[in-house]
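Undergrad: Take a look at the letters that make up each chain.
Protein chains: 4
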Amino acid sequence: MQLKKIINDPVYGFITIDDVLVFKIIAHPFYQRLRRINQMAMAHLVYPGAVHTRLHHSLGAYHLMCNALGELRNKGVDITKEEEQGAKVAILLHDIGHGPFSHALENVLIEGMHHEAISLLLMNELNKQYNGQLQMAIDIFTNVYPKKYLYQLISGQLDVDRMDYLTRDSFFSGVSEGVIGYDRIIKMLTVHEGELMVEEKGIYSIEKFLVARRLMYWQVYLHKTVLCAEQMLQRIIKRAKYIKAFTKTPLNKFINEPIDNVTLQEFCQLDDYDVVSAIKEWSTHEDKVLSILCEGIVNRHLFKIKYFGQPVDEKLVNEKRDAVMQQLNISVADAGWLVFTGEAASNTYNFDNEHIHILFKDGSVKDISEVDNALINENMKSKVKKYYICYSR
Amino acid sequence: MQLKKIINDPVYGFITIDDVLVFKIIAHPFYQRLRRINQMAMAHLVYPGAVHTRLHHSLGAYHLMCNALGELRNKGVDITKEEEQGAKVAILLHDIGHGPFSHALENVLIEGMHHEAISLLLMNELNKQYNGQLQMAIDIFTNVYPKKYLYQLISGQLDVDRMDYLTRDSFFSGVSEGVIGYDRIIKMLTVHEGELMVEEKGIYSIEKFLVARRLMYWQVYLHKTVLCAEQMLQRIIKRAKYIKAFTKTPLNKFINEPIDNVTLQEFCQLDDYDVVSAIKEWSTHEDKVLSILCEGIVNRHLFKIKYFGQPVDEKLVNEKRDAVMQQLNISVADAGWLVFTGEAASNTYNFDNEHIHILFKDGSVKDISEVDNALINENMKSKVKKYYICYSR
Amino acid sequence: MQLKKIINDPVYGFITIDDVLVFKIIAHPFYQRLRRINQMAMAHLVYPGAVHTRLHHSLGAYHLMCNALGELRNKGVDITKEEEQGAKVAILLHDIGHGPFSHALENVLIEGMHHEAISLLLMNELNKQYNGQLQMAIDIFTNVYPKKYLYQLISGQLDVDRMDYLTRDSFFSGVSEGVIGYDRIIKMLTVHEGELMVEEKGIYSIEKFLVARRLMYWQVYLHKTVLCAEQMLQRIIKRAKYIKAFTKTPLNKFINEPIDNVTLQEFCQLDDYDVVSAIKEWSTHEDKVLSILCEGIVNRHLFKIKYFGQPVDEKLVNEKRDAVMQQLNISVADAGWLVFTGEAASNTYNFDNEHIHILFKDGSVKDISEVDNALINENMKSKVKKYYICYSR
Amino acid sequence: MQLKKIINDPVYGFITIDDVLVFKIIAHPFYQRLRRINQMAMAHLVYPGAVHTRLHHSLGAYHLMCNALGELRNKGVDITKEEEQGAKVAILLHDIGHGPFSHALENVLIEGMHHEAISLLLMNELNKQYNGQLQMAIDIFTNVYPKKYLYQLISGQLDVDRMDYLTRDSFFSGVSEGVIGYDRIIKMLTVHEGELMVEEKGIYSIEKFLVARRLMYWQVYLHKTVLCAEQMLQRIIKRAKYIKAFTKTPLNKFINEPIDNVTLQEFCQLDDYDVVSAIKEWSTHEDKVLSILCEGIVNRHLFKIKYFGQPVDEKLVNEKRDAVMQQLNISVADAGWLVFTGEAASNTYNFDNEHIHILFKDGSVKDISEVDNALINENMKSKVKKYYICYSR
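Chains as they are written, first to last, in our numbering: chain V, 46 to 438; chain X, 46 to 438; chain G, 46 to 438; chain Z, 46 to 438.
Please note that the accuracy of each hint is not assured.
Note: identical chains are not told apart, hence a pair may lie in one copy or across any two.
[To be verified] No more than 27 Å apart at the CA atoms, straight line, and that leaves these computed lysine-lysine pairs for DSS-like:
#1 Lys411 to Lys173
#2 Lys69 to Lys173
#3 Lys126 to Lys49
#4 Lys430 to Lys246
#5 Lys349 to Lys333
#6 Lys406 to Lys351
#7 Lys246 to Lys411
#8 Lys120 to Lys49
#9 Lys173 to Lys283
#10 Lys351 to Lys120
#11 Lys406 to Lys349
#12 Lys50 to Lys269
#13 Lys428 to Lys411
#14 Lys192 to Lys126
#15 Lys286 to Lys428
#16 Lys126 to Lys69
#17 Lys333 to Lys286
#18 Lys50 to Lys431
#19 Lys426 to Lys246
#20 Lys351 to Lys431
#21 Lys333 to Lys293
#22 Lys430 to Lys193
#23 Lys426 to Lys293
#24 Lys411 to Lys426
#25 Lys293 to Lys283
#26 Lys69 to Lys349
For the record, the hints were derived by calculation from the structure and aren't laboratory data.
Computed from a predicted structure; not experimentally measured.
The shape of chain V in the complex, shown without the other chains (with noise of 0.2 Å):
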């Protein structure tokens, strides 16, 4: 086995592996899947270039997670082999759990699990095939390890998959405002009390992070357009399930048979292409519903879409519902499939959850919220919220 691989990465120039456990589960048919599984679901359907994949993604996760701990190394925390290869193997895999379009069809293909889950089913299949190797990695990733700050570069409000994944969609959908400084940032991390924290000098990069995470959301994943096409093909999903729509493709079983039936390695093979593919097979189904948002999403004809600042009146709904009906010559209740509404939700920080702490050079801590002058305050505590309305042409 080769001990140094150097993989190219437009956003980061070169991707170092040198770990022999990281090389065979880069290697293995669970790792390989993510290269069949969009990072950004519908969101090319905008942004022509985002089209990069999960696996992408987590290399580059992988990546920033390296010079943390290289930097943290560096700054006199001990961090012992074992913690390295746990952490790099926690970041590698913390999305493999991802179905087909992750975000976009998580609970709705598989209801009721979130990916994390299935991520660590996945991780502790490793571990047994890997004789337990995938142990510490597994403790880091579900927190029970004692050391809290390398749980926190991988699940928190500043970690290493928040930092790639705003970097590198940014670059790759061509926004070029959704950049932030991944590398002031990775020099700014610092250990402090087991937490992991930033420095004092770095407070303005934590803002410029979280308004650029902020845009991202507005302009880009909640971009109406983007959102109009995920809900469609949400809805395609469910609507087959409804309907019980048969597909020659391996989504079948996932859409015809009780979700306890699939087994993990069945979850394990499926991926963009089998549900584009279905979505394809389906653009002509004799159900109206189904196939007119298939060929919908197959040939670029999405619905309207529109943003209100409170929720949508029921006028308009029922008008754009019955047009609906009159065109197609269908229910009220298929109408309702294509013609509905919803609400956009973002935050542009998560007062509940995780904090980013701010270690001062008097060592005293401060959340980034109550620092002085902190542009990240007690106003943004609600999230920000839009309603819209989709309906067919």
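With chain V's structure known, arrange chains X, G and Z on it following the hints.
TA: The following block gives chains X, G and Z in isolation, referenced to the frame of chain V:
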């Protein structure tokens, strides 16, 4: 219809669309299909970022065409509104005839037919649908239009197609050395006696462009692992045809019926997703050759490949073939599918073809290979060839 | 005279000049002087790349003005050829009145005079030399021209000056987080009732722009080491005036004669080179205060600086001052030159001034601080202030 | 003393300093002087961004040295702590002997002395000040240290000096085509039998590097306007010496006394600022030749320059000289200062000198010009030469 649309592109910043016909073509299912065709086939197995699509590339080439036409006009070249639209439409559609995995499966899936020929069929079809509005584009594309430089912008050694794909492939693969000065080259373009030329002061940019292309060929397009994967991909299709392997996907007709049975409409529904789905299906096929090839692509268990300066020694081939026969208990003929040789070739500059002409201030014209102290000289007349062997491990 | 010139710019690629009057102004000694004035004064002592010039910045702002005017015209705003030229010339000359080290010595070298006032004097002088051709530029610059949006493009919270300097300073200093989406912002500009506004969908880009500016202030412009060096620079000039220090350089007249004696012509011959030469000369001056300050700048032996959230404790000041008195054997008054306090202030958005207006699709107009879920809100009405002490080590 | 310092660099992101001796050297006035020496002399008159300093370049080369040493160590090359420090210090100081405007005035201001010789003098001086701590650096720099590859990293056709200046000059001038793959090249470096070599798979990167260098020479370093300005600059110094022109600046001693009178200390106080101040002073000198040359530089009123493939026709020279004599009423000898010819030469690869060696997998070694299908071949043995005439307008 919206009169102006801006598309974010990580490579050029923004691409502007402001022509109604161009809008319609982009929105057409023929064009949207290019979203599902990877620009670089299997290159992403080595360069994980290289997952951009044919749609993105043709939008990019369109953008450069807009710039080039604008530049020429500024220099006093008379270009009518119709010619402008024709050239833009022609470049937008130059790759419309590409099938799944474009070059990698060209002549394999649809034997005996180049993508340009299919592009022309599709352009004619669109011309019908749009009442002859594409006639100018077709005349330019087929080089029957008198202003030859318009054709040269689309198809030549210095066309906007090439400029975009080198720039874009280098960008997404992260091979920054492949970067060319497309903007400077475009500013140096001029028309002399009806032909596209480059101003004298652009000589070094052109040399640089040719060397960047040379590098991209050997470092990326013909990278041994990429080449190996694409050879495996070709053999999958050939083997499937040979053993008449069934697949539930729409690819089946292309595999199991004479190509003449396939309609243009059916071709237009085929894309990478069908091929990948078939490969996944066949990865457990009972034919060992087919399943080994398919499993290799799905899980990135690629064959071993070695490059040589001379044709591969027969002894080595036999030795590897024998090993595979024994290991898999298959016939010598079947082993030939899993152990094979070939040659990869590329030239830095094509001395026989459409030349790159330099226009000097004194009005004289020289081929780029004939300027004083030319970097590109007779020494490079013959193609660079490398010979390879691939074999199942 | 050449009709078109292309200038390479690492920030924007190419800057195109195609107006005869603009050519002449750029070639004028008044303008060429800006080559010898550093855009960021002493920031290069911390960010070694930050050595770009005022000339480069004004060319950049000119480039953005060209883009902005083109964009507005595309949107149907009627802009005459004369207005276009006027706006371009005005932005090109907006900083022509800057003296050596621009802001860092503003009001110090030429007391009681802002650079805009001198810019106007010089524009009037050029207007004479060019037979009134600059009148439109002057009318726009002084905001007497009726189309107010032209003035707002030059001087406002969202003018092309600001867009260029943030972009350029961030680029050259290497503080990538300061990057703004200048191209997207420009595409979002519009004119409504004669005023410059931003379209609704540009809100997040504007927020991001304001936060990037906030970051640039605290991370770069008011970086404590930069601020310290610039304070030392100011004190050098003030001390030299105070003790009537002679210098062989042309700076002498500015130091030792009433400012009224200085002619505009003499001002136009002064630049950073004279000031640095004088500082080098004075670094061995017999006046200890002057020579310590000068040697500090020449050899980057900067004073110690500390930032505080509240005004600096008098005790600390006295302590440091006593130490310096003893160490250098100087009077308390002289020690005051080497130990001093001050405050640095910056606001994220100026609520009192030229506002940034958002134009909504329904035709309504709101201040950026008053949109739904505004990031920029009342909480930020007061300036952020930091207090500092600097002292000779 | 701080143990680790991070410097922002727009080219590489961050440069890390973590060696006490390196800290001290950077803080030394000898080194700080490099802040006041422009890396690219007069190139900024064409490329306004090209105003970066020698200090910035040597920091950059130091950064690449750190990377290269790290890479070689990873490959098992044994490099001691002392050798590492020595190589770093040597590259940091390799340009310390440059005088004002570096190459442009080399051998003109200090006749008969190359900057490397002065660098060595200064390194010896620093070695005294730091009690012999620079001995290793000096041994490496003078190529007496047995591990020859350390010297080759500093001075050869593929040293980190060259890699940094091509990368940096291309970055700041905005000539993006000059970009080289410095990071890939460094990853391909290896040591074989004590010599620095490049691994086989780096061949295309090396070719690309040489072609980028070729482009940078003709497009930037020997750009006709840049060359003209630098020729004017040289003639200013020569003319000033010839007519014994007085200047109030410290340059006076260098102009009006034998060079042997100048002490090393005095040399170390001279920089671009003195030369520019003198030029400004002389721009109204009574000697017409001197004042014309000086005014030309100050106000960018550059001479006209033309390039030819052959030596300039004597007729043309005489014609231009006569015109200048008449126009300015000066002697033929004086006119010779304002109308002059010369030649500019550059080679793509130096066949006689320090070669670039490629190490093949089979252990064989070839010169880059001797590999199969070499781009760099015998055809390029002779230098590319261009002949020019410059004349006052």
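Undergrad: When no copy is specified for Lys426 and Lys246, does a C-alpha distance of 27 Å or less occur within a copy, between copies, both, or neither?
TA: both (24 Å within a copy, 23 Å between copies)
Undergrad: Within, between, both or neither: how does the pair Lys120, Lys49 come out at a Cα-Cα threshold of 27 Å?
TA: both (26 Å within a copy, 10 Å between copies)
Undergrad: For Lys69 vs Lys349, is the C-alpha pair at or below 27 Å within one copy, between two copies, both, or neither?
TA: between (46 Å within a copy, 17 Å between copies)
Undergrad: At 27 Å max between alpha carbons, let me know whether Lys411 reaches Lys173 within a copy, between copies, both or neither.
TA: neither (42 Å within a copy, 49 Å between copies)
Undergrad: Using 27 Å as the alpha carbon limit, work out where Lys246 and Lys411 are close: within a copy, between copies, both or neither.
TA: within (13 Å within a copy, 34 Å between copies)
Undergrad: Is it within a copy, between copies, both, or neither that the alpha carbon of Lys50 lies no farther than 27 Å from that of Lys269?
TA: between (41 Å within a copy, 15 Å between copies)
Undergrad: First find the shortest C-alpha distance between Lys411 and Lys426 inside one copy, then the shortest across copies, and answer within, between, both or neither for a cut-off of 27 Å.
TA: Result: close both inside a copy and across copies, 17 Å intra and 22 Å inter.
Undergrad: Between Lys126 and Lys49, at a C-alpha cutoff of 27 Å, which is it: within one copy, between copies, both, or neither?
TA: Both. Shortest intra-copy (17 Å) and inter-copy (24 Å) distances satisfy the 27 Å Cα cut-off.
Undergrad: For the identical chains here, do Lys430 and Lys193 meet the 27 Å Cα criterion within one copy, between copies, both, or neither?
TA: Neither: 33 Å inside a copy, 36 Å across copies.
Undergrad: Treating 27 Å as the Cα threshold, decide for Lys50 and Lys431: within, between, both or neither.
TA: between (46 Å within a copy, 24 Å between copies)
Undergrad: Reference check for the pair Lys293 and Lys283, CA-CA at most 27 Å: within, between, both, or neither?
TA: both (17 Å within a copy, 23 Å between copies)
Undergrad: Indicate which option fits the pair Lys406, Lys351 if close means a Cα-Cα distance not exceeding 27 Å: within, between, both or neither.
TA: This pair counts as between: shortest inter-copy Cα distance 12 Å, intra-copy 48 Å.
Taken one by one, the earlier hints fail for this structure at numbers 1, 9, 15, 22, 23, listed in ascending order.
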